[in-house]
Amino acid sequence: MFPKGVQGILDRYPNAGRDQLIPILQEVQDSMGYLSKGAVVAIGKALNLPASKIYGVATFYNQFRFEPLGKNHVQVCRGTACHVKGSGTVLEAMEKELGIEAGQTSRDGNFSIEVVACIGACGLAPVIAINGEFHAKVTTDQISGLLAEYRETEEQA
Amino acid sequence: MSTSITINVNGRDIEARKGEMIIKALERDGIHVPTLCYMKDLAPTGACRMCVVEIEGQRTLAPSCAFPVAEGMVIQTHSPRVKMARKTIIELLLADHPDDCLYCERSGQCQLQTLAIEYDVRQRRVMGSKSHCGMDFSSPSLVRDPDKCILCGKCVRICEEVQHVSAIDFTKRGSESLISTTFDQGLNISSCINCGQCITVCPTGALREKRSIREVAEALNDPEMTVVVQHAPAVSVALGEEFGMKQGTDVVGVMHTAFRRLGFDNVFSTSFTADLTIMEEATELVQRVTGGGALPMFTSCSPGWVKFVEQYHPDFLKNISTCKSPQQMMGAVIKTYFAEKNKIDPAKIFSVSVMPCTAKKFEITRPGMGRDGVRDVDAVLTTRELAKMIRAAGLDLSKLEPTPADTPFGNRSTAGKLFGASGGVMEAALRTGYFLITGNELEDLKFEAVRGLDGIKEAKIPITDDLTIGVAVASSLANAQTLIEQIRNGRDDLHFIEVMTCPGGCVNGGGQPFYQDEDAVRNRMGALYKIDMEGDIRCSHQNPAIQELYAEYLGEPCGHKSHEILHTHYTKRETTI
Ligand code: SF4
Ligand code: SF4
Ligand code: SF4
Ligand code: FES
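Chains A and C supply the protein sequences, listed in that same order. Each step along the first sequence adds one to the number in my numbering, with nothing skipped, and position 155 is 155. Count along the second sequence from 1, then add 1000; that gives the number in my numbering.
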């Protein structure tokens, strides 16, 4: 069986063709948090497109992810202001600390990283958001401690 | 209205045809422009821009593969500006390329390397960061090494447009883009049907076959093992190309000698079991036509096609002949009849096959392809791998004395040899099928309608006064797909359909020598038909070795023993990605 939510979305696009692919992918991701294998296969069947084509299109855009979000979701802003203030090294440090790349979820499911274009908090650059909470003027040596806070919260809960 | 126009190339007037791309006119006139992404029978993408030429009045250089001719056009194909542009493209491609030529499988036959030499790229002017993607060894048939990929897109296109499979595609973008499978999974669990056509079009070492040379060499060095080799019909008419011989040269005799020099104990011909396949398959067809059974019946000798049906058309599995392929039939009779007769423990036989095909490496791993934990076939070498082994052993094919194959599995009819060309199985089956139904021999053995390079060939063959059978021959899975769709939509005039996964049949298989001009396939095919024309025994049922095998061991075609060792079954596959 196809994932229920996906089928529901697909039902709303009868006779969909290739040009509806992106909106469908967006809706599925919005409702499920990511594009699962089952979802990609189901979309492929509905649109009569090979799964490889769908995966190819989806990976072309940064916005799609293929793993469920972690319990703690880290968004690293890569807008211009943050970039100038060194968000690149912040992202690198974050990836190193968690052992995953942007778009991935750590094996224990605790953390996921996403790169976002501009959070609109340029005054706080470089800025990251964890579970929607903003952290301003982040430096690379803060990262480990910052993540530990969230990790601890998780363990106490 | 005349369709011919005149264009001026490098100061000479040449003829061109209205509407064609510049490159076609150049090719006919013998002017070679380099290409990396151009595919003759498919629409141009203009992706690599290696083929650029200078057109008078155009500000920028134009890709000749994607730019149509026009009356009076004035073109320069090798001006300094053009050559510089091409050289720059090569340098940029190399900037992101591993310096691995010395160790590279494709070295010597790599188009990127050849171009770098032709355009005199002697130093690294552009330094890019090299990508490291990791290799994919998961497939039984292919190895992918994306670091050596230049993103020409040919593999993606042949997989989608010619094979209707789409196992791979471009993923990501910009400097990160690479060819990958869905969810970057191993090719072994993707929808790849192992045909190797992507290898044959790849200009670099990014795609190659999974090598089995080492296993074979180990077996040859093991004194305990009886190492037996079989060679498929399409191998002997192509192997010579690897040694600079004229296309279409049949090297079967010297190849036998080379096998013996390499240390193989017995040399057999897969064309013999092609004859056996015909006996079984023609009998099966007659049974289905006269006794009821799923029709049309499809051939089963091309493992890529079989996997394709298992994945995408499981409702047609009952239509596929239950006969094992000639490779597997040979494996089976070697490890049963031959082993018993020569009192060898089947576990002490190492059975090697040389195939024009990469999917055959997958086929030997299928369930049901052996008995008591012993596989029918232990290792598959492609034609290219055999050439490597022959070279590594220091053998000069042109100096060897030809020898015949061993008895009894070296005796073939020429019908068995025809298996190597698209339409060949059909022709062989018709010759024997006619005999089985009518008891008479055909007067004219040639079925012109099923020969040649067309993707789909059809004929209506009158057998008796009230039986005419409809046959079709498809090569490439996109063509097979077309037939399947027609049948789904109610077409019911076909009884028997031959499907070969590779365009043109096994002569153009994914394990064959690389070639640069399309005549190679035609010439290999021509060689097979010539062998048939000159043959003494041209029908499978007339092969005395086949008759003997039935008399001594198998009983009758499609009988009990046959079903036990020569037939198989298929199962639906849930490969959707
Ligand atoms: S693919 Fe070609 S250029 Fe690249 S390492 Fe191999 S032989 Fe050299
Ligand atoms: S081997 Fe055939 S099916 Fe597999 S990726 Fe290559 S072209 Fe596609
Ligand atoms: S793998 Fe080969 S054929 Fe495919 S895009 Fe790369 S270079 Fe081209
Ligand atoms: S061959 Fe013409 S653009 Fe690649």
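Derived from the structure by calculation, the hints contain no laboratory data. Even for Gly, the Cβ is constructed at its ideal location relative to N, Cα and C. One thing to keep in mind: the hints can contain errors.
Partial pick of chain C residues on the chain A-facing surface, computed with a CB cut under 8 angstroms [stated by the list, open to error]:
{"id": "1", "residue": "1168"}
{"id": "2", "residue": "1170"}
{"id": "3", "residue": "1175"}
{"id": "4", "residue": "1181"}
{"id": "5", "residue": "1182"}
{"id": "6", "residue": "1183"}
{"id": "7", "residue": "1186"}
{"id": "8", "residue": "1348"}
{"id": "9", "residue": "1446"}
A few chain C positions that, by computed beta-carbon distances, are all more than 12 angstroms from chain A [claimed, not checked]:
{"id": "10", "residue": "1160"}
{"id": "11", "residue": "1174"}
{"id": "12", "residue": "1178"}
{"id": "13", "residue": "1192"}
{"id": "14", "residue": "1286"}
{"id": "15", "residue": "1345"}
{"id": "16", "residue": "1542"}
Status of the hints after comparison with the structure:
1. Hint status for residue 1168/C relative to chain A: holds, with the closest Cβ pair at about 6 angstroms, below 8 angstroms.
2. Because the beta carbon of residue 1170/C sits about 5 angstroms from the nearest beta carbon in chain A, less than 8 angstroms, this interface hint is met.
3. Nearest Cβ of chain A to the Cβ of residue 1175/C: about 13 angstroms, over the 8 angstroms cut. The hint is violated.
4. Hint on residue 1181/C holds. Least Cβ distance to chain A is approximately 6 angstroms, under the 8 angstroms limit.
5. Nearest Cβ of chain A to the Cβ of residue 1182/C: about 4 angstroms, under the 8 angstroms cut. The hint holds.
6. Look at residue 1183/C: its Cβ gets to within about 6 angstroms of chain A, closer than 8 angstroms, so that hint holds up.
7. This hint is violated: residue 1186/C has a C-beta 14 angstroms from the nearest C-beta of chain A, more than the 8 angstroms allowed.
8. With a cut of 8 angstroms, the hint placing residue 1348/C at the interface with chain A is violated, because the nearest CB-to-CB distance is about 44 angstroms.
9. A cut of 8 angstroms between beta carbons decides the hint on residue 1446/C: the least distance to chain A is about 40 angstroms, and the hint is violated.
10. Interface exclusion of residue 1160/C from chain A breaks down, the closest Cβ pair being 7 angstroms apart, not more than 12 angstroms.
11. The beta carbon of residue 1174/C is not kept farther than 12 angstroms from every beta carbon of chain A, the shortest such distance being approximately 9 angstroms.
12. Interface exclusion of residue 1178/C from chain A breaks down, the closest Cβ pair being 10 angstroms apart, not more than 12 angstroms.
13. Not every C-beta of chain A lies more than 12 angstroms from that of residue 1192/C, the closest at about 10 angstroms, which undercuts listing it as non-interface.
14. Against chain A, the non-interface label of residue 1286/C holds: every CB pair exceeds 12 angstroms, the least being about 38 angstroms.
15. No beta-carbon of chain A is positioned within 12 angstroms of the beta-carbon of residue 1345/C; the least distance is around 45 angstroms.
16. For residue 1542/C, the condition that its CB be more than 12 angstroms from all CB atoms of chain A holds, with the nearest at approximately 46 angstroms.
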